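Enquirer: Protein sequence lines correspond, in order, to chains A and B. In this text, residue positions in the first sequence follow this note's numbering: the first is 6, and each later residue adds one. In this text, residue positions in the second sequence follow this note's numbering: the first is 60, and each later residue adds one.
Simulated from the structure, these hints should not be mistaken for laboratory data. Just so it is clear, the structure is predicted and the values come from calculations on it, not from any experiment. Mixed in with the good hints there might be a few duds.
[What the hints assert, rightly or not] Each computed DMTMM-like pair below joins lysine to aspartate or glutamate, with the alpha-carbon atoms no more than 25 Å apart: (1) A/287 / A/200; (2) A/194 / B/178; (3) A/205 / B/86.
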Amino acid sequence: MATARRAALATMRSLITPEGVDLQIKLADAGTRAAAFLLDVVFIATAAIAVTIIAIFGVTGFGTDKLQPLFIVWIIAIFFLRNVYFIAFEAGRRASTPGKRIIGIRVASRNGAGLSVDQVIARNLMREIEVFLPLSIIAGRSEMGVADTLTTVFGLVWALLFALFPLFNRDRLRIGDLLAGTWVVEAPKRTLMEDLSARKDPVARTFQFSHAQLDAYGIAELHKLEEVLRRDDYFALRAVAETIGRKIGSTPQAHDARPFLTAYYGDLRAHLERKLLLGKRKEDKHQR
Amino acid sequence: MTVPVPGDARRGDAVRQSLASFRREREADWQAFEALLARVEKRAPRTLSEEELLSLPLLYRSALSSLSVARATSLDSALIAYLESLSLRGYFYLYGARRGLSQRVGDFFLHDWPGAMRDLWRETLVSVALMFIGVGAGAWLVASDKGWFDAIIPSGLAAGRGPDASAEMLRSMLYDGDNGFLSGFAAYLFTHNVQVAILAFALGFAFAVPTVLLMLFNGCMLGAMFQVYWAKGLGMELGGWLAIHGTTELFAIALAGAAGIRIGTRIAFPGELTRMTAAAHAGRIAATAIVGVSVMLLFAGLLEGIGRQTITSDVTRYAVGGGMLALWIGYFYLFQVVRNGDR
Numbered sequence: 006m007a008t009a010r011r012a013a014l015a016t017m018r019s020l021i022t023p024e025g026v027d028l029q030i031k032l033a034d035a036g037t038r039a040a041a042f043l044l045d046v047v048f049i050a051t052a053a054i055a056v057t058i059i060a061i062f063g064v065t066g067f068g069t070d071k072l073q074p075l076f077i078v079w080i081i082a083i084f085f086l087r088n089v090y091f092i093a094f095e096a097g098r099r100a101s102t103p104g105k106r107i108i109g110i111r112v113a114s115r116n117g118a119g120l121s122v123d124q125v126i127a128r129n130l131m132r133e134i135e136v137f138l139p140l141s142i143i144a145g146r147s148e149m150g151v152a153d154t155l156t157t158v159f160g161l162v163w164a165l166l167f168a169l170f171p172l173f174n175r176d177r178l179r180i181g182d183l184l185a186g187t188w189v190v191e192a193p194k195r196t197l198m199e200d201l202s203a204r205k206d207p208v209a210r211t212f213q214f215s216h217a218q219l220d221a222y223g224i225a226e227l228h229k230l231e232e233v234l235r236r237d238d239y240f241a242l243r244a245v246a247e248t249i250g251r252k253i254g255s256t257p258q259a260h261d262a263r264p265f266l267t268a269y270y271g272d273l274r275a276h277l278e279r280k281l282l283l284g285k286r287k288e289d290k291h292q293r
Numbered sequence: 060m061t062v063p064v065p066g067d068a069r070r071g072d073a074v075r076q077s078l079a080s081f082r083r084e085r086e087a088d089w090q091a092f093e094a095l096l097a098r099v100e101k102r103a104p105r106t107l108s109e110e111e112l113l114s115l116p117l118l119y120r121s122a123l124s125s126l127s128v129a130r131a132t133s134l135d136s137a138l139i140a141y142l143e144s145l146s147l148r149g150y151f152y153l154y155g156a157r158r159g160l161s162q163r164v165g166d167f168f169l170h171d172w173p174g175a176m177r178d179l180w181r182e183t184l185v186s187v188a189l190m191f192i193g194v195g196a197g198a199w200l201v202a203s204d205k206g207w208f209d210a211i212i213p214s215g216l217a218a219g220r221g222p223d224a225s226a227e228m229l230r231s232m233l234y235d236g237d238n239g240f241l242s243g244f245a246a247y248l249f250t251h252n253v254q255v256a257i258l259a260f261a262l263g264f265a266f267a268v269p270t271v272l273l274m275l276f277n278g279c280m281l282g283a284m285f286q287v288y289w290a291k292g293l294g295m296e297l298g299g300w301l302a303i304h305g306t307t308e309l310f311a312i313a314l315a316g317a318a319g320i321r322i323g324t325r326i327a328f329p330g331e332l333t334r335m336t337a338a339a340h341a342g343r344i345a346a347t348a349i350v351g352v353s354v355m356l357l358f359a360g361l362l363e364g365i366g367r368q369t370i371t372s373d374v375t376r377y378a379v380g381g382g383m384l385a386l387w388i389g390y391f392y393l394f395q396v397v398r399n400g401d402r
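Given these sequences and hints, build the entire structure.
Expert: Okay, structure coming up:
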């Protein structure tokens, strides 16, 4: 648990607003970003294939005299998909491509100021050497029939070097991020969830806990309990209720797991919040 | 099992009630802020009424203060996570300082682009010098041994031109436009050249070494081609053929090289800044330069695809090419708009 918390802290960065509040942004990890990028690649490829199919239908439909305008439209469309897709979306209000939006991450300026267009352009043009160059080296070589092992290995090493670059620095920066002064942060949309301690449960009211029983746990356990209650999985609730019941010397009925935990959560939270107000933050059950 | 003490529960209840009322009273503000944010993130802020627009910063501060209170007093982690994400969204929106698109485009052409070019003047000189060295080297190599021509210029690009081609054939290639596919060719040239420019920019990351080589090699190809024509007494004619678009295109490629060199040298020699900050500074200026270079290459593509094939007089070709060059230099280095207020 301690290592998990340390890992979570390693990707937290403080972002202090001009109002003086630390918003605590969380950097997106490499896997999340790879997933977002793959989604975008799928979108781009789909669009490129659609444009090409439309162009081919156009040629067969209009005849070859319309070949030239169609060719122009096609080549410009492909150019835009390759170079402008990322830039246009990231320069927009939400600073994220459709792929990033689905995953719930966005681009932000490292110095906390607003993200400017030249930063977006710089970070995305570097993709040229991160993705397209090694690909085109390998593709070009194999087309000419000279794709020997050496060039393929070189291309792969190059591609890996850049693809894995975010893993080798603390801030998970891509080369483009490094050059543009940006990073990618998590920006999930959350909805306001119900207050568990305000839950009205007729059975829960029958449970009463003593001071000693409420002292058994701390904030870390309270948060775990909140997670379990929100997930509302019957078997998880029962297992947790049994564990807590054993620890505090109370044995709820098996079918009463949920009201029991709701009652204990409410009382434990009120107990710990009262301590918090009095200046004592009990981090976990080991703290006295 | 210890006997429950009623007093404990009651003491907790007071805290519980005050926190519940905190949430009850602030909740409407949070929801209003969330709804407003969702709207302005999708559409332009113009769609908001004046009242709503003015309420945005107030609601943002209210969310921030709620976050501070919740962090200090509440242990409801879902509530804190919600307020954190809401405040972050609000922060990004309100401090994002977005200007309208037309304003940004105007700023780019009036300030940012010429400014970046002026900032890169030293690198531009180096880049142009490298190209000239390349031209000299290419011409000298082909003059000393014809075999070099095939080594320098790929056969697809040479298209039959070479040291052994006849003067007649070389001449015909300069003046006969194949009118079938002009604008399509222009579009192709544009996208191809932009890709080369982006490459020159991006490769600068490797301490500018590949960018320098790219500039030298570009010059080399030019020099080799020039030598072939010069040997047949067609130097002036080739000059005109190249000049009409070449002044714009080669200048643009040189500027892309300059952007790459800037990045590479700043990463190698960051000066007083940290390496990361220096790289970020250089990257932003270079990115502006590359967008400008793309605009130049669009002009070059049009001139090459359409102008060169329809204008066949040497004098006009030189005039157009020289005029374009004068235009670019005047725009970059002489044209300065005084910036009023902050951007």
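Enquirer: None of the hints should be skipped; say for each whether it holds.
Expert: Status of the hints after comparison with the structure:
1. A/287 / A/200: holds (21 Å)
2. A/194 / B/178: Cα-Cα ~41 Å, so violated.
3. A/205 / B/86: Measuring from Cα to Cα gives roughly 19 Å; hence the hint holds.
Comparing the model with each earlier hint shows a violation of hint 2 alone; every other hint is respected.
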